[in-house]
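Under the working numbering, the residues of the sequence shown are numbered 1 to 563, in order.
If you are wondering where the hints come from, they were derived from the structure by calculation, not from laboratory data. In this text the structure is predicted, and so the values were computed from the model without any measurement. Hints are not guaranteed to be accurate.
Unchecked claim - Ranges between beta-carbon positions, derived for each pair: (1) Y18 / P525: 46 to 54 Å; (2) A208 / L52: 37 to 45 Å; (3) V201 / L424: 39 to 47 Å; (4) V15 / Q434: 34 to 42 Å; (5) I88 / L197: 28 to 36 Å; (6) M87 / A14: 52 to 60 Å; (7) S397 / V70: 19 to 27 Å; (8) S397 / M377: 41 to 49 Å; (9) L200 / I88: 33 to 41 Å; (10) T326 / L112: 25 to 33 Å; (11) G49 / F439: 53 to 61 Å; (12) V15 / L424: 47 to 55 Å; (13) I173 / G49: 56 to 64 Å; (14) Y18 / Q434: 36 to 44 Å.
Just so it is clear, CB atoms sit at the ideal spot from N, CA and C, and this is done for glycine as well.
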Amino acid sequence: MASAPKRSLFAGIAVSDYVRDGIAALLLFIAMFLPWNSEFSFTGGGFAGLILLVILLTLLSIASLALPYVARLGMLGPNWHVAQVRMIRLLVNLPYALMIIGFLLWDVVASLWVFSNADAGPGIGSAMIFGAAGVVLAAQPRASEIEASSMIPARWSAGVRGLAIAALALTVISALLDLVAILTTAHQHDAETSDTLRILVLALLLVASSIAIVTVVVLGVIRGLASARIALMGVALAFVVASFFSAFIVEVRFDFFLASPAYMGAVLLVAAGVAATTPGQVFNDYGSTHPGYTWLRAARGLLLLMAVWNFADAIVSIGRAIVVATYSNEYGTPPLGVGASAALAVFSLLSGALSTVGTMMVRPRQGATDPRPAREMILGICLGLFVLTVARLIALSVMGGAAALFTRELVLPILPILVAVGILAAKPVRSLYQGVPLFAMATGGTASAMQAGAMPTSAQPQMAQPTHAFSRPQSGPFISTTPPPAVPTPATSVASSATTDADALAAANPQTPQAELARLAQARPDLRPAIAANPNTYPELIGWLQALGDPAVNSALAQRLYG
């Protein structure tokens, strides 16, 4: 008799856990060789003891990634438990996290000396961005370690909100101190009152732009929206990529807590974005109809962020042009003149306008037969934004030199790329547009088979039932072209009161099978608003209901789509 195959020691570890471990190790390893601030880097020199500390804590955090595997090999004893591994890994990564906080405090405390001299703190280097992303990724629980009833994801969700709020608070504090520092410096140098006011107004515009940008990023996260979590993850990835490139640009400016227009609590935003990837977290998007719409909301959030960011940059550039044209050079020669500032304002205004159009194009098309936005137009807007932001970046580097570049300037061209990748590659979005070819008009295909008055195919009895609330029908065309049957006469449509009550309950019950919801939508026009509000109603049936033009139904759909 053949013996049963042996079970692998690593059975049950999700592929995503292996990917998470690999990315965390790579981020931590790269961070060692990047500059931590303007005074210290592993390769550029610094305090020998600090270099040794960075190496030891980096190796310790990387070693923590092996804990699940050595536990399964029996190296932690026979009675180990996933909760123990989870806690040990968290504690092992704590020293590295404290080191990141120490570097942050170094910049904050050193920056306060600006009130007694003209020097700012050491700033924030690329290594801090990479290190924050790597240590949070290394410390967070893995999918194979989270029980169904575990409170761990909820705690990490609270941590995401806490980090987001801390990033906003740090940005506001930096802004206020920046304004105070300008007044202090002006008093020390007996500057002209008119020049001081002009510089103060420009600084006010700069710090207000940073506060507005961070607020747009964190507001939805604080509310617990899934789309905001996805957008925050995109912002974190953009900062990681931008900080990598900034490390190799000669003379690129560091982000300083004080005397820096670029300070946005980037380290904390990155940490929050990576923490948002923790498996099993509960983020609620109110009124969700299909997970693909959540990703579209995230894309709209990133486009809104780009609109706010670009318009804020345009206002700052216009303010800079006015200041440069009118002040008496008390503070020295600015890196950007009137013409350069005006040119940058034009680029920013165009990018802001295009981003605004993008936010409108990504919204579900209310009142249309097919509410899904056209992906082709979104991709075209992303391409235009990428070209404009890269052109602005080139103009800024040519006219202002590398000294005019901050990490935030490198983030903007990355955001439209992330939106485009999400629209093309995200599994929920691909599911939402299943059967709809991309660039259908250019290739001769049909963008949608949806027609007004056509009933979704899941109303047919032979259709396979979905396996979960957001599944689409498993067979048949996207929308049947067969007209719905005539509305039954009162004698046949009105059953007993018990049946009527059962239909009403079924129409509002999220557990009602989708084929039954489609049947009720045909047989009971009075229940269509309840069916439109049902979370289990699938996109095809939503489109059919929307095409009917019933105000009550449209009101219920608007609550779902715009929540």
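Distance restraint hint 47 to 55 Å, applied to the beta-carbon atoms of V15 and L424: violated (21 Å)
Outcome of range test on Cβ distance (A208, L52; 37 to 45 Å): holds (42 Å)
Pairwise beta carbon distance, S397 to V70, judged against the given window 19 to 27 Å: Because 48 Å falls outside the window, the suggested range is violated.
Outcome of range test on Cβ distance (L200, I88; 33 to 41 Å): violated (52 Å)
C-beta pair M87, A14: status relative to the range 52 to 60 Å that was hinted: 20 Å Cβ-Cβ, so the 52 to 60 Å window is violated.
Y18 versus P525 beta-carbon gap, inside 46 to 54 Å or not: The hint (46 to 54 Å, Cβ to Cβ) holds, given that Y18 and P525 are roughly 52 Å apart.
34 to 42 Å as the expected CB spacing between Q434 and V15, which holds or is violated: Because 23 Å falls outside the window, the suggested range is violated.
Assessment of proposed distance window 28 to 36 Å (beta carbons of I88, L197): Given a distance of about 57 Å, which is not inside 28 to 36 Å, the answer is violated.
Cβ separation of T326 and L112, checked against the hinted range 25 to 33 Å: With a Cβ separation near 31 Å, T326 and L112 satisfy 25 to 33 Å, so the hint holds.
Beta-carbon spacing of V201 to L424 - inside the hinted bounds 39 to 47 Å or not: Holds, since V201 and L424 (Cβ atoms, about 43 Å apart) stay within the stated range.
Satisfaction of the hinted span 56 to 64 Å by the C-beta atoms belonging to I173 and G49: Once the Cβ atoms are compared, 30 Å apart, the range 56 to 64 Å for G49 and I173 is violated.
Cβ distance range 36 to 44 Å for Y18 and Q434, holds or violated: violated (28 Å)
Hints 4, 5, 6, 7, 8, 9, 12, 13, 14 from the earlier list are contradicted by this structure; the remaining hints agree with it.
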